[in-house]
Structure formats: C-alpha cells, structure tokens
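Please put together the full structure from these sequences, using the hints given.
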Amino acid sequence: MTIWLRSAFAASCLVAATVAGADRASAQTVPTIRVGWTVPAEDAKYWMMKRPEQFPNLGKTYKVEWIQFQGTAPMVQAMVAGALDCSTQGVLSLGQGAASAGLETYVVAQHVGEKPGGFSVYWAVKDDSPIKTVKDIKGKTVGINVLGSGIYGPMAMYLKKNGIDPEKDIKLVEAPFPTQEDAIRSGRIDVGVLNQPFASRAEAKGGLRKLFSIADGVPNVVHIVEACKKSFVDKNPDLAAMYVRDLTTGMGKALANREETLKIVSEVFKAPAAVFEPFYFKTNDFARDPGAAPNFDGIQQLFDIYADVGMLPKKLNAADFRNAKIVAPLK
Amino acid sequence: MTRLTSIPGLPPLLACLGILVVWELLARWYGLNGLPPASQALPQIPHILSDKESLIDMGESLRRMAIGYGLALLIAVPIGLWMGRSRYAAAFFNPLMMVIYPVPKAALMPIIMLWLGVGDASKTLVIFLGVTLPLIYHSYQGSRAVEEKLLWSASAMGLGGFARLWRVVLPAALPEILVGCKTGLVLALITMVTSEMIARQAGIGNIVFVSLDLGAYDTVYAMIVIIGMLGILFDVGFEVLRRRLVGWADSPHTIMVGSA
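From first to last, the protein sequence lines stand for chains R and E.
In terms of the numbering used here, the first sequence has 260 at position 258, counting the first letter as 1, and numbering is strictly consecutive.
In terms of the numbering used here, the second sequence has 71 at position 55, counting the first letter as 1, and numbering is strictly consecutive.
By construction, these hints were calculated from the structure, which means they are not laboratory data.
Idealized CB from N, CA, C, for every residue including glycine.
Incorrect hints may appear among the rest.
Cβ-Cβ distance ranges computed for the label pairs, FRET-style [claimed, not checked]: (1) 167(R) <-> 47(E): 34 to 42 Å; (2) 299(R) <-> 68(E): 42 to 50 Å; (3) 176(E) <-> 34(R): 44 to 52 Å; (4) 68(E) <-> 103(R): 33 to 41 Å; (5) 38(E) <-> 280(R): 31 to 39 Å.
So this is what it looks like as structure tokens:
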C-alpha cells in the first residue's frame, strides 16, 4: 500500500507539474491583439478566425488572441480590467462602460445594424391573440431578452409614444431570445421578442404574428460594433489599423461569398448551415455595411434614447468614440 | 425482483432506460423547442465525438480540470492533515472555510477575471476553489481520526513531525481523504463547465453555451449526456484507484450509480 500511496502522490505531483508546464506560455514575437467576440453576426471576425490564410498580415505581422464571451457586458469588464484590447459591443454596453466605468474606446467598425427593408427585432403574439395593436398590450406580460438590454431603450421609447408606460402598464419578463418562441406559444407570455435565427424558425413554423418592431419606433438601429480601447489604439496605431483593415476585408469577403460565409458560420457555431440558410444575408437579415463602416449617427441616436429613458447616467457624444484615421472602411 | 437487482450492471441500466423513456415521452407531450426528445438529442453524441474541434475543446477543459484538481490535491490535503493534528492550524483555517464554503465559486468568475484575466488561470482558479474545500474537510476529518497510539509509537521510534504526517497520518487518513477526492472530482467537473460560462478560448463551454445561444437544444442535451458520461468514467476510474490504494479499508463510500 505504501508503495502505491507514494507512487500515486508522486504521480499527482508530476501530472500537475507537467500539465502546468504545458500551459500556453509561448513567447510572443509577433504583436498580439486580444479580441473578445460573441454570437452571432460578426462575420468579418469569423472569416479572420476560420480563414486566416486569406488575410496576408494575420498570423504573420500581427496575431489575434480570440476570446469568446457570453454577451457584451462581460467584455466591458474585461476591457476595463485590461484583459482585452478590442471587443464586440452593443451601443448600450459601450455607453455604460464609458459613463459608469470610465472605459474610453473607439468604435472602429460595425458588424450589424438595421436599415429599411431589412430585419428588425420584433415583438410577436400568437395568431389568435386578442392583442391586435400595440395599445392592446396594457396589462399584459411582455418578454424581453434581458431587463435593461440594448433593445429595451427603443422598445420603451416606442411604447411611450403609444401611451404605454413600460414600467407600469406592462409586466416585463426576462427570458433569453432562444426561449421566447416557446414562451409565446405556451402562453407563459402574451408578447415575446424575436431575433434571428429564432424569428426565421418561428416564421417557418407559423402561428405567430408580428405586433411591432424596433424599426417602427427607431429606424436604423445599430446593434453591434467593434470597439478598441483608446489607450491601445493610441499606443499601437499601426497594429490597430492592420486589425481594422482586416475587419474591412473580412466583411467584404463575407458579403461577396455567401456560401463560404455560411460554411464558416456553421463551423464557428458547430451548427448545420441549414439553421442560417433561411435568413443569412437575405432581406430578412440584419443590415451589414460592405465596408463595415460604423453608423455614428445611429450610435448617437441610441445614446440619446438610452439617456432619455434613464439607461445611461449622462448624455454621450458619439463623436468622442471616433478616431478619424482608424475606422472602417480601411483599405 | 431481488434476482434482477443482483445482476451486475442491470439496475443502473434500467434506471438510464427509464430516464430516457420519461424524457422522450415528456418531450413529445410538451412539444417545446427547449426540450427535444431523447431520440433527437442522442444522435448528436456521435457527431460531437467525431468532430476534431469538439474533441480539442473537451481536451482543453479536461486539461484545466486536471491542473485545478492537481493543484488542489497538492495544497488542500497537506492543509487538511495539518489541521487535523494541530489545533492552531484548525483554529486558523476553520473560520476561513466557513466563510468560503457557501460562496458559489462560479459567481466569483467575474471578479477573478479582473485579477487574472480571461485566460486559463482564472478558470483553473475557479476549479481549484471548487475542489479545495471537500479535500480540506475530509483530510481534516481523516487526520483527526488517526489513533494517538500510532503517533506515540511513531514518536517513540524517532519520527519527527513531518515524517509522522507523511508516514503515519497520511496513510491512516487516506480512506477519508479519498472520499474528499471523489467529491472533489465531481465538483471539478461541475466547476470546469461553469468556469467557461462567461469567457473562453477553447473548452466544453464553446459547445454548450454557443448551442444554448442558438437554441440548438439537441446539441445542448447531447453535451449534458456527454458530461454525465465523463462523470461516470471518472467515478469508475477513481473507484478502481481507490480499491488499489485502500482496499484494506472497510466502507467503499460508493456514491456512483452501480450495482457491483
């Protein structure tokens, strides 16, 4: 037993030491950008991740350390903590980071937003629901992905325009996007919010009816952008420029080759391409600028809305988030 | 009935089949996207296990788990043994344990992320914290229960403090320490997954949480089954090791599903 005991103890020491030693601690000779990403709809980044050989500088002149996050808010924390240089951000998380945590960033590119004729996040009811117009939702249970999320501001604004106080006249229930369809169909909520790919899936199944969308109240909403810390960009302008140049190229490649983009998205999400086929880059998808150019007017519009509804403690100026030289499109 | 339950492996097999049947029926009854039938989820398992990237993800998670678990063994067991033999050590560490014990370790992740960044270190620390407490507690209890006569004899034979701890207390406390190791193994598996909830580069979380975000519930449930299978494998492997190490001890402290 004693031999066994000692061998086991020695083995455990050896395993711990070996595994710890094998941890990634390779010396970096090429500058590396630490980038946070999330799902979905960051096609330029997905191309860079999965087809790096198509970007001449990537992996040679500079490297990207990709770190996946569950949502944009933790990426704000990580940027504040100095663990990330750039990340995907919603306009609200960006504003909250700036106003509450003093996070100074530049918006260097835009992933997706809305434009007339394209997809707009919408609230739906069952086909046979007595709710016919937005005014009928008084006293009803309404779904939202996250209380205080980026889409809450435009929704609150739209409801107020229609004489409904979102804080008093409805019961808001938090449920992640993937669960909203089930919640509507099972009657747990009267109205639910649908985003892609869940909207497309629900539409294919039928039985739900669109009640109102974000675009009904606020047109051209900006959903997700790429933000880099000012300190990082100011200290490493060439490195940041290379990254933004590749984001621009990546967006171009994504839009130019839908079939390959679907493959890449499928690889990233480990989900069949059929999940994305019904809407990706179609008229029922979000809008993407071919050069990944940020819509600073759209960002300003959202900053103002968030400040008006009390989601931001102060007014912010979108121009403060712009670096004239390092912003997509960058060739 | 008694005859059936005495067939090795049959009761857990029947339990698993029962769960699958209930799962299948409930899923078909409710017809929710969020609860796919077992017949839809289980076929995803071979797809996941034959995908190279998924295997790399699992390997990365298990690597972190091994580091966190290994470090916890190296640090927690000596502390527990020391606590059991020194009332000063017990007086010092016990209040700390009381404070740390109820804190959900995964909830510390955002704070740990601020200290250690978003890489492996923060996830490994969460696993380490999750495993440490049961290891300390059981090592402490095992060490306390060592008969004084053994230690007196060892002292009489000229063994110093550290040698007594290494050559007398550790072997005598080993059955109890291994109970802690077994509990720790399960907790390591749980914290391994939860540590990847917020941020990750590679790991099981890549599959579980991305599928959850996309509403790909068949993959989510398949991954839950895979993680459960990993737990069973670890448990069975650990039980083999335990028998080799402390087969002389009486109670096997079996908590796994098994009939042997």
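Now for the hints, and whether the structure bears them out:
no.	hint	in the structure
1	167(R) <-> 47(E): 34 to 42 Å	holds (36 Å)
2	299(R) <-> 68(E): 42 to 50 Å	holds (45 Å)
3	176(E) <-> 34(R): 44 to 52 Å	holds (50 Å)
4	68(E) <-> 103(R): 33 to 41 Å	holds (39 Å)
5	38(E) <-> 280(R): 31 to 39 Å	holds (33 Å)
Hint compliance for this structure: every hint is met.
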